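Asker: Throw the hints in and build the complete structure from the sequences for me.
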Amino acid sequence: NQKRRISIGADLAPGVVTSEAMAEVNALPVLQDLPPGVEQVPFGATEWQAEMLVNFVFAVITGIFLVFAVLVLLYKRFVPPFVNMGSLLLAPLGGAIALHITGHVLSLPVFIGLLMLLGIVAKNSILLIDFAIEEIGKGVPKDEAIIDAGHKRAQPIVMTTVAMVAGMMPIALSLTGDGSFRAPMGIVVIGGLILSTVLTLVIVPAGFSLADSLERWLAPKF
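Numbered per my numbering, the sequence shown spans residues 142 to 363.
Misleading hints may appear alongside valid ones.
As the list claims (entries may be wrong) - Using C-beta positions, here's what the derived DEER-type ranges look like:
| no. | residue 1 | residue 2 | range |
| --- | --- | --- | --- |
| 1 | Lys264 | Lys144 | 47 to 53 Å |
| 2 | Val303 | Gly185 | 38 to 44 Å |
| 3 | Glu165 | Val343 | 39 to 45 Å |
| 4 | Phe363 | Gly150 | 55 to 61 Å |
| 5 | Phe209 | Gly150 | 40 to 46 Å |
| 6 | Ser321 | Phe363 | 52 to 58 Å |
| 7 | Glu161 | Leu214 | 41 to 47 Å |
Rather than coming from a laboratory, the hints here were simulated on the basis of the structure. None of these values were measured; they are calculated from a predicted model. The C-beta atom is built at its ideal place from N, Cα and C for all residues, glycine as well.
Answerer: Set out below in C-alpha cells:
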C-alpha cells in the first residue's frame, strides 16, 4: 500500500507453535507502545492463516443457513430444524477433546475435519427427526414415535460412524510416511464422531420432544 516496510522473520523453536510464539512476541514492551505512524501488520503465512479463518467461518455460517433452509422445506415445520442445528455443537466438542488428549493444536487439517464432521453429525440428527415426524404424521403418539425412531435409526447411524472412524484410523495413526500434517484431521474427525454419535442418540430425541411441544404451544398464537 505504498508504505515503508521492515519485515522480520524467525524460525520456531522445537515444540513451539505459531500461536504461542506470537503471543510472546506481542507481549514485548516495544510492541505495546509503538511510535505514531508505525503499525504491526501480518504478512506471508500469518496473513494467509488469518484469511483462512475468516473464510472458514463464512463457509460454516453459509452451510448452516443452507441446511436450515432445506430442513424447513423437508419437514414443512419451523422449530424442529433448530434441534438439528443444535446438534452441530456436538461435533466441535468431541473434536476439541480429542485434540486436547493427543496434544495437537488448531491447524488447517483440523478445520477441514470440522467441516466434514458438521455434515455427518447433521445427517445423523436428520435421520432421527425425519423418521419421528413421519411416524407422528401417521398418527403415532409422540413419545412412541421418538423411541421407535431411536431404535430403527440407531443401526445406520452407528454403521456410518464405525465406517468413518475406521477410514480415518490410518490418517490419525500416520501409518504411511510423515502424516504429521494430516493426523490432526483424522483425530478431530474420530473424536467428534464418537462423542456426537453417543450424544445424538440421547440429546436429539429429547430436544425434538421439547421442540414439538413448544411448536404446538406457539402455533395457535400465530
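Asker: So, for every hint listed, does it hold in this structure?
Answerer: Hints and how they fare:
no.	hint	result
1	Lys264 <-> Lys144: 47 to 53 Å	49 Å, holds
2	Val303 <-> Gly185: 38 to 44 Å	42 Å, holds
3	Glu165 <-> Val343: 39 to 45 Å	43 Å, holds
4	Phe363 <-> Gly150: 55 to 61 Å	60 Å, holds
5	Phe209 <-> Gly150: 40 to 46 Å	44 Å, holds
6	Ser321 <-> Phe363: 52 to 58 Å	54 Å, holds
7	Glu161 <-> Leu214: 41 to 47 Å	46 Å, holds
Checked against the numbered hints given earlier, the structure satisfies every one of them.
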